[in-house]
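For chain A, the structure is supplied; the task is to place chain B on it using the hints.
Next come the chains, spelled out residue by residue.
Number of protein chains: 2
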Amino acid sequence: MPFLRPDNQPIILGVVGDSAAGKSTLAGGIAAILGQDRVAVLQADDYHRHSRAERRRIGITALDPEGNHVDILEQHLCLLRRGHPILKPVYNHKDGTLCPPARLEPKPFVIVEGLLAYHSRILRDCYDVKVFVEPDEDLRTRWKQARDCAERGYSPQDVRLSLDRREADSLAHVQPQRSFADIVVRFAPSSDTPGDISDGADSLLNARHLLRPTLAHPDLGPVLDAGGKGGFHLALARDSDGKPVDVLDISGRIDGRRAKAVEDLLWSLIPEASHLRAPLGRFTDRAGQTATSHTLALSQLLITYHLVKAAQGLTGTR
Amino acid sequence: MPFLRPDNQPIILGVVGDSAAGKSTLAGGIAAILGQDRVAVLQADDYHRHSRAERRRIGITALDPEGNHVDILEQHLCLLRRGHPILKPVYNHKDGTLCPPARLEPKPFVIVEGLLAYHSRILRDCYDVKVFVEPDEDLRTRWKQARDCAERGYSPQDVRLSLDRREADSLAHVQPQRSFADIVVRFAPSSDTPGDISDGADSLLNARHLLRPTLAHPDLGPVLDAGGKGGFHLALARDSDGKPVDVLDISGRIDGRRAKAVEDLLWSLIPEASHLRAPLGRFTDRAGQTATSHTLALSQLLITYHLVKAAQGLTGTR
Chain A
29 MPFLRPDNQP IILGVVGDSA AGKSTLAGGI AAILGQDRVA VLQADDYHRH
79 SRAERRRIGI TALDPEGNHV DILEQHLCLL RRGHPILKPV YNHKDGTLCP
129 PARLEPKPFV IVEGLLAYHS RILRDCYDVK VFVEPDEDLR TRWKQARDCA
179 ERGYSPQDVR LSLDRREADS LAHVQPQRSF ADIVVRFAPS SDTPGDISDG
229 ADSLLNARHL LRPTLAHPDL GPVLDAGGKG GFHLALARDS DGKPVDVLDI
279 SGRIDGRRAK AVEDLLWSLI PEASHLRAPL GRFTDRAGQT ATSHTLALSQ
329 LLITYHLVKA AQGLTGTR
Chain B
29 MPFLRPDNQP IILGVVGDSA AGKSTLAGGI AAILGQDRVA VLQADDYHRH
79 SRAERRRIGI TALDPEGNHV DILEQHLCLL RRGHPILKPV YNHKDGTLCP
129 PARLEPKPFV IVEGLLAYHS RILRDCYDVK VFVEPDEDLR TRWKQARDCA
179 ERGYSPQDVR LSLDRREADS LAHVQPQRSF ADIVVRFAPS SDTPGDISDG
229 ADSLLNARHL LRPTLAHPDL GPVLDAGGKG GFHLALARDS DGKPVDVLDI
279 SGRIDGRRAK AVEDLLWSLI PEASHLRAPL GRFTDRAGQT ATSHTLALSQ
329 LLITYHLVKA AQGLTGTR
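Protein sequence lines, in the order shown, are assigned to chains A and B. Using the numbering used here, the letters of the first sequence map in sequence onto residues 29 to 346. Using the numbering used here, the letters of the second sequence map in sequence onto residues 29 to 346.
Bear in mind the hints are in silico, worked out from the structure with no lab data behind them. It is possible that part of the hints are untrue.
Identical chains blur together in the list; that is why a pair holds if it fits in one copy or across any two.
Pairs of lysine to aspartate or glutamate residues, derived as EDC-like cross-links and limited to a Cα-Cα distance of at most 20 Å, are as follows [what the hints assert, rightly or not]:
1) K116 <-> D65
2) K288 <-> D99
3) K122 <-> E82
4) K122 <-> D176
5) K116 <-> E94
6) K288 <-> D92
7) K288 <-> D267
8) K116 <-> D73
9) K271 <-> E195
10) K288 <-> D247
Isolated chain A (complex conformation) (with noise of 0.2 Å):
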């Protein structure tokens, strides 16, 4: 098992970010490269004290930390992070109600999605690799209209009401945690199809990494030049707070074969990993259909880049 550390420790991965960012996708290809079996994906959304019902009757939102047992969040995950097994509680998301609890057994890997899953130091100290998904904020209404009507038994007006609701929260609560994560990744429409999000244009989106010096990240030398100046550029930049970051825009438009020979470059610098290509860039399109993007693909590989150095002991610069 190349990718357990020799004290049976996992590799945790976080992934955290608004309600419908694309946690979920991004982190089902992480899990299909690194092997369904040795992944085990922690919801933190699980972590809810309310039915849905009940937070309608108190008035709070699901992004409110007092609405989420989060102190049991920073137990398990240290438990997890030891290699212990946990008995989690569970959320069922298709009717808001709370469910028996169940065991998660650690693996090599650990992922983590959520709200709120970088909300406390103690929770932040748990990960290997900090991920925060922000997409344009379009493209999440449209993608949290889609799925919680079709998933969730929600009404178009019910997710509108919705938003609206937890917006005071999400900026108080999960936006702040931006400022925490190693890789910030942003999808966003084409700048060459503005105001086009309509079905299909998922697979040509745009996507942004900001990536801080928190993490060792690869030498992207070779990407670049083998991705050319049509799909990858990499440039110094100030984030939104001021302070300098390195930021790698990948072309929603970047040529099918260019994409393949960047993954293969990507694939060239996990050698380890190299025997787990698996489909990458997968997600589920308007239509309901399993659609693919490069860009989805290209940064779910960078992001895989990170844990698989980390499962070598190679985790940057802590």
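Just chain B now, kept in the frame of chain A:
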């Protein structure tokens, strides 16, 4: 808070024994003495892995360690011992189903009741005081019939089958835990009413306490004097395992005034708790009415003595 350790770590009492051995009845009075708001009760039965229906399908009893999350119970008990809250599973005895989990906040005292709560070394190391209850077997059978039919939706025939199904697991897993207890409590019909386990007789049961040298037991000299020859008897004996042990017999026929005098003497041994005087010895009789028993009251008081001493850092021979 004289009963809270300076480091916020609770005193933990275990009450282990077979199904319907009287664990909750014994523990209830102890909690009443200590104060309900200062006691958290953890039911180890909540850690059943399967619903009643699943157990029947799989062919496993609730007494089989494989049918319980013993490792999670260990984890949770260690967390409580360190003063942390837990999110514990919930098993509904009424219909035998698994329910959403519930928070349990640590209190100055934690009472753990269950079938398998001394199963592992990790569990046993968590307790300050370990009690094992083993009533006369005919008595236990009657208690189980009464409770399971009244409260758990079983028919008398179901209970009989359940006792048969569980016998091997009781021998293999429950009864061996007896040897780890500091105190073994046995209730049995009075010798002068042989075979009389009819209605009402529960208030006249004899109590026998095996006192192991793993705890510093109180000086019972004054108690024995006050109890007089008719009520209390303390003798050195060999336990069924051949090891030396003190045996304290409390007669079910003890005179009410004598019992009261002994109670007063026991309270005087724990003056720091005397303001907590609570009604002791209560149980639910066969008619479903609350009744009282002197031997139950004195048993509860003797065990509470050890908890109060443990809270003062006087934890006996360990």
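Verification of the supplied hints:
1. K116 <-> D65: within (19 Å within a copy, 27 Å between copies)
2. K288 <-> D99: neither (43 Å within a copy, 47 Å between copies)
3. K122 <-> E82: within (15 Å within a copy, 25 Å between copies)
4. K122 <-> D176: For K122 and D176, the Cα distance is within 20 Å only inside one copy (9 Å; across copies 36 Å).
5. K116 <-> E94: Cα proximity of K116 and E94: in one copy and across copies (18 Å, 19 Å).
6. K288 <-> D92: Cα proximity of K288 and D92: none, with 42 Å in one copy and 54 Å across.
7. K288 <-> D267: neither (30 Å within a copy, 77 Å between copies)
8. K116 <-> D73: both (11 Å within a copy, 17 Å between copies)
9. K271 <-> E195: neither (26 Å within a copy, 69 Å between copies)
10. K288 <-> D247: within (18 Å within a copy, 83 Å between copies)
Checked against the numbered hints given earlier, this structure breaks hints 2, 6, 7 and 9; the rest are met.
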